[in-house]
Amino acid sequence: MTIEKYQQEAKGYTMTTVMAEAARCLLCHDAPCSAACPAHTDPAKFIRSVRFRNFKGAAETIRENNALGSICARVCPTEKYCELACTRTEIDCPINIGGIQRFVTDFEQNANMDILKKGPANGLNVAIIGSGPAGLQAAATLLTLGYGVDIYEKNEKAGGYLTYGIPEYRLPSDIVDVEIQRISNLGANITYNVTVGQDITMAALKADHDAVIIAAGASVAKTLPLFADNPYVQSAVDFLAEVKSNPAGVDLPTNVLVIGGGDVAMDVDTTLKLLDVKNVTDVVYEEFAEFKASDKELAGTQKQGVTIVDGYVPTAVNGNTVTFKHRQLNSELTIEADKIILAVGQQADVTNLGIELENNELTHGGFHTADPKVFVTGDLAQGDKTVVVAVQKGKQTAEEIHRVLGGQN
Amino acid sequence: MIKKDLSIDFMGVHFENPFCLSSSPVGNCYEMCAKAYDEGWGGVVFKTIGPADFEIDEVSPRFDELTKEDTPFVGFKNMEQIAEHPLEENLADLRRLKDAYPNKVLIASIMGTNEQTWEELAGMVEAAGADMIEMNLSCPQMTSHAMGSDVGTNPELCKKYCEAVKRGSKLPMMAKMTPNITDMVIPAKACMAGGADGIAAINTVKSIANVDLDRKIGLPIINGKSSISGFSGKAVKPLALRFIQQMRDAEGLENLPISGIGGIETWEDAAEFILLGSSTLQVTTAIMQYGYRIIEDLTNGLMHYMAEQGVEHLSELVGLANKNMIPAEKLDRDYKVLPYIDWDKCIGCGRCLISCFDGAHQAITWDEATRRPTVDPDRCVGCHLCKLVCPVDAISAGEVVMKAGRVGTAASKQI
Ligand SMILES: Cc1cc2nc3c(=O)[nH]c(=O)nc-3n(C[C@H](O)[C@H](O)[C@H](O)COP(=O)(O)OP(=O)(O)OC[C@H]3O[C@@H](n4cnc5c(N)ncnc54)[C@H](O)[C@@H]3O)c2cc1C
Ligand SMILES: Cc1cc2nc3c(=O)[nH]c(=O)nc-3n(C[C@H](O)[C@H](O)[C@H](O)COP(=O)(O)O)c2cc1C
Ligand code: SF4
Ligand code: SF4
Ligand code: SF4
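Protein chains in written order, with this note's numbering: chain A, 1 to 409; chain B, 1 to 415.
Keep in mind that a hint or two might mislead.
As a list, the in silico DSS-like pairs of lysine-lysine whose alpha-carbon atoms are at most 30 angstroms apart [said to hold, decoys possible]:
#, chain 1, residue 1, chain 2, residue 2
1, A, Lys80, B, Lys166
2, B, Lys68, A, Lys45
3, B, Lys387, A, Lys45
4, A, Lys206, A, Lys325
5, A, Lys157, A, Lys325
6, A, Lys325, A, Lys5
7, A, Lys11, A, Lys325
8, A, Lys56, A, Lys45
9, B, Lys68, A, Lys56
10, A, Lys56, B, Lys336
11, A, Lys45, B, Lys345
12, A, Lys373, A, Lys206
13, A, Lys11, A, Lys292
14, B, Lys387, B, Lys413
15, B, Lys4, B, Lys68
16, A, Lys222, A, Lys385
17, B, Lys387, B, Lys323
18, A, Lys56, B, Lys225
19, B, Lys403, B, Lys323
20, A, Lys11, A, Lys303
21, B, Lys68, A, Lys11
22, A, Lys278, A, Lys206
23, A, Lys11, A, Lys157
Residues from chain B shown here face chain A by an in silico Cβ test under 10 angstroms; the list is partial [what the hints assert, rightly or not]:
#, residue
24, Asp70
25, Glu119
26, Gly123
27, Lys159
28, Ala321
29, Cys349
30, Gly350
FYI, nobody ran anything at the bench for these hints, they're computed from the structure.
Keep in mind it's a predicted model, so treat the numbers as computed, not measured.
All C-beta atoms, glycine included, are put in the ideal place defined by N, C-alpha and C.
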């Protein structure tokens, strides 16, 4: 097994090729791309800066609007947001906004730019539970507004699914580490290996802070009852976390069965292939026409040579042998594998955090809870479950707290 | 594939096609010129040959480029002088070229330092077999002020040196003009009075293309310093065309034989030079960037243009546009042409709106819901800036409107 392919990110633009792409941009008057970015990263503005060779200004636009700009550049489903709205599509194909954003944020890092500045201290403190993208962005916004920020993270590293989920070839760990470092340099005080509700109580956090944000995400794998206590089974997010933390340390067999058809399943499939697993078979509940994974991810997975079987549900499990039935047809399928990975979704664990969820999110819109001091953000709040929307919600939650607390003691 | 006769006679010499290497590194030695002939160039102006005792000592690096977005070579700056090779070697190369390619046109570019060396060089290149002489009166970066564009801006010297060359050789001769002057007609007339048979225009434009912002030195940097030097390529085409028109427009120069030079890359550029009065054409920068092979599209494209125009001989096209350039005060100012915006072609980028407001006459309004522009015919002055900025050609010339109180009809205007 070699890990180079897994660790290899796709090539980015060069100075010349990024200028070519920026020159394709029509520099629209009303820039629908900017209107379509959930985090208001303002692509029309930073692309125009690139066009006029003001790379530092471009970096400022991205960073001031989006504290995770170099991460979003890599993982945003742009085809659902900015690029979906791009006017250039009416001529040929949309501007590669993610690619330009990646070039600019790489430039920012190479130029050692330090754009976000801590605001003058206002004497107020906010506790944030969870250091995923929502918690990190909320922290960045609060720090620039002058708040003190304490982040509590149950894992040994910060980043949530940025660190423990999205595979290395799409999002290199060093990129994530730099982004987190920026926020901790701004003054975020991060405590690791602490599960709020278990190692420290909500009451204690509330007593020490003027507000508490729950940004705990959907950090636990869902499973299927058929697979309970099966030693061959691992959840997708546990598998991805294990590989991302120590790719050289995982030992993989030649024959792996994956169950699930979302983007997470596609990440598992592709990761297995990049790690040289010979036979990867993914059996999916949905048929291709109703697939949940994005076309981009599905195409990438298929290119790797994964066998994808659509329309089947598991009906019986016997150790490492799983029997599936087709949902419409009278057809059965039995697969024996050395390892089974379940990618059937993630769920929230908010034990002892004092909030009620339904389908892993708040039952109402917005970020408030019954407790005026407690706010909820990220995947736990209503709305898309993506990094850029987590950034948007984190920013909005911070602004809401600022509105409520008035920024003064 | 289309076949058309591209041949043309220029100053008494027959060219199989009008395309020549202009005097520069692209025609520096036998092997280069032979390759260019083999690939289809009709003529070569060999790299300028100077007197034996004038030592050429070049700098390194010696080029710079002007870019725009990702487009390289919008313009090209060079710091080269004349041929680096020894005189004897250059003359030997001319001899070999004429022997090997008797039917191709070989033009020797020369540059003397005084009447005597101009005369001697002319004799030497004739003896070596050149078909024609080009006098380089125009290199803007010579280390001697008795040479190059300092001479080309001085009409007395131009005339005197032309006379010297004519004493030294019987060959047809053209004088190559510098654009670093307000009125090219003056040196051109001086050269014709001195015996020149035609004019080559233009040489490079004195320039600084870029400055290194950290080191605060122009580019290229030579041991911490730089120099003003010649600019060429696409960016200089408009200047070259203007000088050529002005010469052909001058009294007594109406039929001036011209070899057109400056930013020629495509057959369309070439056709423009021909329509403004050039009989032959010379190219350097485009060859430096793309190689001699551009000749294929220059010749083929020009043939298709001739076919479209129903023309059998290239000479029929020479100068056809000269009479259509008139002084600004004689232009018809009685009407305006409103832009017509095709909403089916429009993709709603709003660039016309921005440019009309910020750079024209605030005549466009914008429908936010449909993302479509509308022109207010009263405010619009018909400048057509909007048409130029539209990325999808959705804007074209529309209704012709007479200005209030003017005589004549809109229908009679040739817009
Ligand atoms: C494999 C995978 C790939 C993905 N790929 C993409 C992608 O390409 N593009 C995209 O936009 N989105 C992607 N997503 C979705 C995206 O990662 C999430 O929407 C996003 O991470 C949600 O952010 P969050 O901050 O709300 O939560 P999370 O990222 O889940 O972070 C929550 C954090 O809270 C911590 N935590 C939880 N409970 C406690 C507690 N009680 N005490 C202390 N800490 C706690 C967790 O350890 C974690 O660090 C992907 C998700 C997965 C799983
Ligand atoms: C590197 C370089 C060297 C040149 N050397 C000469 C020269 O020796 N003699 C000359 O008459 N013109 C010289 N020129 C000018 C060219 O012949 C030509 O007039 C000018 O470059 C404009 O044409 P273009 O735009 O096709 O390059 C040189 C140009 C370049 C770029
Ligand atoms: S919508 Fe597309 S073309 Fe218009 S400004 Fe945005 S990126 Fe450029
Ligand atoms: S022609 Fe000029 S004034 Fe009229 S709409 Fe276009 S830009 Fe505006
Ligand atoms: S510039 Fe062209 S495409 Fe853009 S809004 Fe105007 S007419 Fe439409």
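Structure-based check of all given hints:
no. : hint                : verdict
1   : Lys80/A x Lys166/B  : 75 angstroms, violated
2   : Lys68/B x Lys45/A   : 19 angstroms, holds
3   : Lys387/B x Lys45/A  : 24 angstroms, holds
4   : Lys206/A x Lys325/A : 51 angstroms, violated
5   : Lys157/A x Lys325/A : 41 angstroms, violated
6   : Lys325/A x Lys5/A   : 35 angstroms, violated
7   : Lys11/A x Lys325/A  : 41 angstroms, violated
8   : Lys56/A x Lys45/A   : 12 angstroms, holds
9   : Lys68/B x Lys56/A   : 19 angstroms, holds
10  : Lys56/A x Lys336/B  : 44 angstroms, violated
11  : Lys45/A x Lys345/B  : 25 angstroms, holds
12  : Lys373/A x Lys206/A : 7 angstroms, holds
13  : Lys11/A x Lys292/A  : 27 angstroms, holds
14  : Lys387/B x Lys413/B : 20 angstroms, holds
15  : Lys4/B x Lys68/B    : 36 angstroms, violated
16  : Lys222/A x Lys385/A : 16 angstroms, holds
17  : Lys387/B x Lys323/B : 27 angstroms, holds
18  : Lys56/A x Lys225/B  : 28 angstroms, holds
19  : Lys403/B x Lys323/B : 26 angstroms, holds
20  : Lys11/A x Lys303/A  : 18 angstroms, holds
21  : Lys68/B x Lys11/A   : 24 angstroms, holds
22  : Lys278/A x Lys206/A : 52 angstroms, violated
23  : Lys11/A x Lys157/A  : 27 angstroms, holds
24  : Asp70               : 4 angstroms, holds
25  : Glu119              : 50 angstroms, violated
26  : Gly123              : 50 angstroms, violated
27  : Lys159              : 48 angstroms, violated
28  : Ala321              : 32 angstroms, violated
29  : Cys349              : 4 angstroms, holds
30  : Gly350              : 2 angstroms, holds
In terms of the numbered hints stated before, the structure departs from hints 1, 4, 5, 6, 7, 10, 15, 22, 25, 26, 27 and 28, listed from lowest to highest.
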